[in-house]
Structures are given as C-alpha cells and as structure tokens.
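Note that the working numbering has the sequence shown beginning at 77, numbered continuously upward.
If you're looking for bench data, these hints aren't it; they were derived computationally from the structure. Because the structure is a prediction, the values reported are computed rather than measured. Even glycine gets a Cβ: it sits at the ideal position worked out from N, Cα and C. Careful: at least some of the hints might be erroneous.
Unchecked claim - FRET-style restraints, in silico, Cβ to Cβ:
(1) Gly90 - Leu142: 24 to 30 Å
(2) Ala108 - Ala158: 14 to 20 Å
(3) Phe155 - Leu83: 15 to 21 Å
(4) Ala132 - Arg96: 36 to 42 Å
(5) Met77 - Arg159: 27 to 33 Å
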Amino acid sequence: MLGVPILAMGLLYGLFPAQRKVWMHIAVLAGALAFLGGIDFFRPLASGGNVFANYAASASKLMLFLTGGLFIFTCVRAFVWARRNEYA
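Taking the hints into account, I'd like the entire structure generated from these sequences.
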C-alpha cells in the first residue's frame, strides 16, 4: 500500500510536468516513510527478543526497510545527477 503514493506522484508528474520537482520530492518522502516503518524490524534486537517471532510481520518490515532504503538511495543519486547536469 505504500507504493500507491509513489505511483500517484509518478502519474501527477506525467500530468503536470512543470511541477516535477515537487512530485519527485513527495515520492521520496513516501519512500522515507516506508524506510522508517521498516526500522521497526530491529526493535526486538534491543529488547533481546527473536526478530522473526512473527515471520510474516518481520519479513514485511524487512522488505519495507530494504525497498524504502533502496528507493531513497536511488532518488538521491538521481537528484545529484540532475543537479550536476542541469545546465549542461
């Protein structure tokens, strides 16, 4: 479900390309929320519990963490590339 806002921002970018920076930054914010939600995967480590006590929930949180982090990393690299090539 957290991919829906990212998809919506992509569609809005297609409809309103003049505000592309706004839509892309909002998409990164949605990715950051996914990443932050996935950090909950590591909470049992602090309390000494079993990380995979509930396998489905733990796998879901781990995927949120990994995909959110990868999405943010990719977006930051794209933003840096766009900034460097803005006036080329």
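Hints, one by one, checked against the model:
Separation of glycine 90 from leucine 142 is about 27 Å and conforms to the stated range, judged on CB atoms against 24 to 30 Å. At roughly 19 Å, the beta carbons of alanine 108 and alanine 158 sit within the given window of 14 to 20 Å. Against the hinted window of 15 to 21 Å, the Cβ-Cβ separation of phenylalanine 155 and leucine 83 comes to about 19 Å, which satisfies the hint. Taking 36 to 42 Å as the suggested C-beta distance range, the pair alanine 132 and arginine 96 conforms, at roughly 37 Å.
The hinted range of 27 to 33 Å is satisfied by methionine 77 and arginine 159, whose Cβ atoms lie roughly 31 Å apart.
The earlier numbered hints are all upheld by this structure, with none contradicted.
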